Amino acid sequence: MEEVDNIIIDSLRNIHCDIDDDINSLREFTADLVFTAIVCCLESITPGVKFPHKLPPSMSLRLKLATNIAEHIKELGYRGDMGYQTILYCNEVETRRVLMFLVERLPRDTSKTTVSEELGYVPRLIKEIENRIKLSFEKPWVPNCLLKDGMRDCGNTQLRQDFSHGFPLQTENIRIPSTQGNYSEALKKYWVHNLPDVTKQCNPRNLIPSLLYKDSEFSINCLNLSQSLKVDEDIANIDVTTNTINETNVTTDVSLNGHPVEENAYENKIQCLLQYVNNNKSKFKELQEKQKILEAKLAQVSDEKTKKETSLKEAIARVKTKSKALTVLSNEENMIKLRNLVENGSKRLIELANQWNQVQTPLLTQHHELQQNLSAQETKVINEQQKLQNLKEKNHQLSTELKEKDKLEQQLLQEYEKLSKNTNRSAYTRRILEIIGNIKKQNEEIQKVLKDTKTIQKDINNLNGQLDRSFTLSDELIFRDAKRDEMARKAYKLLATLHTDCGEVVQAVTDLGLVERECRNLQEQVDAELAREISTKLERVNADLAEVKKETTALIKQMKEQL
Amino acid sequence: MDIKEELIDNLKLTSNSNIPDETFKKLLENSFATLVGNQEVHNINTLYNSKPDLIKCVYATLLTVTAEFGRHNLDKEGVKTFLINKCNYNSNRANLYAEFYEKNKQELQVALGNVGTHLPNITDVKWKIDYIIKSSNVDQADGPLFRICLIADKYDEVTGGKKTEHIKFSCNSQELQDLVYKLKDAVRHCQRLAVDH
Chain A
1 MEEVDNIIID SLRNIHCDID DDINSLREFT ADLVFTAIVC CLESITPGVK
51 FPHKLPPSMS LRLKLATNIA EHIKELGYRG DMGYQTILYC NEVETRRVLM
101 FLVERLPRDT SKTTVSEELG YVPRLIKEIE NRIKLSFEKP WVPNCLLKDG
151 MRDCGNTQLR QDFSHGFPLQ TENIRIPSTQ GNYSEALKKY WVHNLPDVTK
201 QCNPRNLIPS LLYKDSEFSI NCLNLSQSLK VDEDIANIDV TTNTINETNV
251 TTDVSLNGHP VEENAYENKI QCLLQYVNNN KSKFKELQEK QKILEAKLAQ
301 VSDEKTKKET SLKEAIARVK TKSKALTVLS NEENMIKLRN LVENGSKRLI
351 ELANQWNQVQ TPLLTQHHEL QQNLSAQETK VINEQQKLQN LKEKNHQLST
401 ELKEKDKLEQ QLLQEYEKLS KNTNRSAYTR RILEIIGNIK KQNEEIQKVL
451 KDTKTIQKDI NNLNGQLDRS FTLSDELIFR DAKRDEMARK AYKLLATLHT
501 DCGEVVQAVT DLGLVERECR NLQEQVDAEL AREISTKLER VNADLAEVKK
551 ETTALIKQMK EQL
Chain B
1 MDIKEELIDN LKLTSNSNIP DETFKKLLEN SFATLVGNQE VHNINTLYNS
51 KPDLIKCVYA TLLTVTAEFG RHNLDKEGVK TFLINKCNYN SNRANLYAEF
101 YEKNKQELQV ALGNVGTHLP NITDVKWKID YIIKSSNVDQ ADGPLFRICL
151 IADKYDEVTG GKKTEHIKFS CNSQELQDLV YKLKDAVRHC QRLAVDH
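Chains as they are written, first to last, in UniProt numbering: chain A, 1 to 563; chain B, 1 to 197.
Just so you know, not all the hints are guaranteed correct.
Unchecked claim - Just some of the chain B residues that point at chain A, by a computed CB distance under 10 Å: (1) Ser31; (2) Ile44; (3) Thr46; (4) Val58; (5) Tyr59; (6) Ala67; (7) Gly113; (8) Phe146; (9) Ile148; (10) Leu150; (11) Ala152; (12) His166; (13) Lys168; (14) Ser170; (15) Asn172; (16) Leu193.
Said to hold, decoys possible - Simulated pairs of lysine-lysine, BS3-like, Cα-Cα distance not exceeding 30 Å: (17) Lys182(B) <-> Lys134(A); (18) Lys405(A) <-> Lys418(A); (19) Lys214(A) <-> Lys182(B); (20) Lys163(B) <-> Lys392(A); (21) Lys168(B) <-> Lys200(A); (22) Lys188(A) <-> Lys154(B); (23) Lys200(A) <-> Lys4(B); (24) Lys392(A) <-> Lys103(B); (25) Lys51(B) <-> Lys148(A); (26) Lys292(A) <-> Lys269(A); (27) Lys76(B) <-> Lys403(A); (28) Lys126(B) <-> Lys214(A); (29) Lys4(B) <-> Lys387(A); (30) Lys51(B) <-> Lys134(A); (31) Lys214(A) <-> Lys168(B); (32) Lys148(A) <-> Lys163(B); (33) Lys337(A) <-> Lys324(A).
The set of hints was computed from the structure by calculation and includes no laboratory data.
Quick caveat, the model's predicted, so the values are computed rather than measured.
Think of the CB as a built atom: it goes at the ideal place given N, C-alpha and C, for glycine as much as any other residue.
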């Protein structure tokens, strides 16, 4: 029992149940301790359940709590006798049974395999931010002039304390030569000979943003915008001038109040001028449009002209060659020579074609073969490439898996280290093995005893048979003699009585054995009852009952007083 | 991490085209030095050999990709796996790159962190309490006036460096109280963020 007690107490200590170091067995448990142990177990088995860890002083409250807890334990599947009495008036055997049941139900930490969670980008970022804030709270403040670049060195991370080194994001357009794709020769030459390095294309300060972001494209658009704005500036200028004229008009109105005649004349003049200007403006616009149309026409016409000139040149060249050929052909000798030449040429051509065919056919066949070989090799190469790709993917997968497994292994190792401190597994297994050995020995002994009893039973049976046989034999012999002899008749009677008496004696002995066995059973029961200490428990129950009565009377008194 | 296809293609160039190891190493040294803000270690003109356009392209790519790595806060292993798996680097060059990266990561991130517009950073404060008993246009005053001058560090566009700025304002006791509460609120918020998890 000592081992069981040790295991129970050890696991109770593991779930942070207050048990003194001097307590070594369940016999030393008081009702209070049993109560707290059971409550601790229940709380760790079913999370969310809350009970007070100490027995309350009031008796009725105790009763209520104990019945509650007993019900809980029954719900968990406890089969034995369970009620408030098992908790409040505990004996060693029952508490051991209950606590063993509960300890078996305790959740194992090791069964929870902690799977490493892959966090997303945002949660990781938030975590990082929280860590930084925590760090910045932990570190004391340091004047900025002592920091390099406004950064605070904290081991493997750096904390930004001073932001005054930061310069605003500004990008410049960077030209990077491209080695892929088709580009004109001139551009390539420019890249090779004239283009400076990226580091020299912009202010070193703007290098990183210019590399990372391409919003300089926007500023180029801005430039175009300003250029297009400039085109319409002339017309806008004219508008402005008319406005100024209007303004001057108003000012003269104010200043020349006293001279209406002059003023009228002036006004007329100005209106005339304004009309003139307006007319001119509209004319200007018309003229501009006309100019545009005419320019377009001019371009068309010039295009046509160049086209026609080129066609003319070609025609002249053709005419020249034709006229030369005519002059040559007009002479007959030349014609004959030419014909001969042509015939010879055609003969040569046929010969050459034959020769060519002779040379060509083997080469062609060879070419075909080679091409077939090549295509076969290509398919092979493609297959190999696919295999390679697959292998690469597999490799990648395996490496990521390996990493995860490594992490898991480390975690498990850490957990294992934590675990190994509070369990002495080897001791337990050694104990268990010893116990098994003991049980084996006992089993052997029991077998021996069983054998002995069997042999004895056999002997008894043999003797019984012998006895029966000798009795019948003597019975027959004496019966035969009894007809003739008086003594024999007496002897026969005596034999009969002896036989019945002996039977009674045997019966008495077997009865005695039965009674003895019953006696032993009863003694055991008595011992068990004694072990339960019913009398002391009853006394305690009586005392508790008296206390409950006292409490009720006190409560009644209080009620009466209040009434 | 998303990196443009074009950049990955250019990185592949460095892995399989005929750039000798020595040149690659020098290019790496140069690019890390410039990113961190130092002078280039080697003269780039000596590295061109016969293909200046290739070297220029590779150099720009190395600079960009390194900045991207720093921006995404990749660790040494991440860089290595990226280079080996996506850009067909052999383990030798990937290791070389990863070592350089590991060595310069913090400074690189400092340089990256310097890009951006920031509010002035308060480093000190000067203050005094005035009490106006009487002035030309006010007969009675409501209480003390707090003259506060916050001394802040700030980036200066003109000089391109640090400049101290004096932020001056005055307030009455209520407004000052309000300011103090707001500041305390901010501190409490930060503390809660730090403690919660």
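Verify the proposed pairing of lysine 182(B) with lysine 134(A), using a straight-line Cα cut of 30 Å.
At roughly 20 Å apart (the allowed maximum being 30 Å), lysine 134(A) and lysine 182(B) satisfy the hint.
Can we keep the isoleucine 148(B) interface hint, with Cβ of chain A closer than 10 Å?
Since chain A brings no Cβ nearer than about 19 Å to isoleucine 148(B), farther than 10 Å, the hint is violated.
Hint check: 10 Å Cβ-Cβ cutoff, phenylalanine 146(B) to chain A:
violated (23 Å)
Holds or violated: is there a CB of chain A closer than 10 Å to the CB of leucine 193(B)?
holds (5 Å)
Given the hint that lysine 148(A) pairs with lysine 163(B), does the C-alpha gap stay at or below 30 Å?
Holds, at about 16 Å.
Assess, step by step, whether the Cα of lysine 4(B) is no farther than 30 Å from the Cα of lysine 387(A), and give holds or violated.
holds (27 Å)
Double-check histidine 166(B) for me: the hint is only fine if its C-beta lies closer than 10 Å to a C-beta in chain A.
violated (14 Å)
Hint check: is the beta carbon of alanine 152(B) less than 10 Å from a beta carbon of chain A?
holds (8 Å)
Between lysine 126(B) and lysine 214(A), does the CA-CA distance stay at or below 30 Å?
Given pair lysine 126(B), lysine 214(A) is violated - Cα atoms ~44 Å apart, limit 30 Å.
Checking one constraint from the list: CA of lysine 51(B) to CA of lysine 148(A), max 30 Å. Satisfied?
violated (40 Å)
With a cut-off of 30 Å on the C-alpha distance, tell me whether lysine 51(B) and lysine 134(A) pass.
With a Cα-Cα distance of about 51 Å, the restraint between lysine 51(B) and lysine 134(A) is violated, given a limit of 30 Å.
Cut-off 10 Å, beta-carbon criterion: hint that asparagine 172(B) touches chain A:
Violated. Min distance 29 Å.
Violation of the numbered hints given earlier is confined to hints 3, 8, 9, 10, 12, 13, 14, 15, 19, 20, 21, 22, 25, 26, 28, 30 and 31; the remaining hints are satisfied by the structure.
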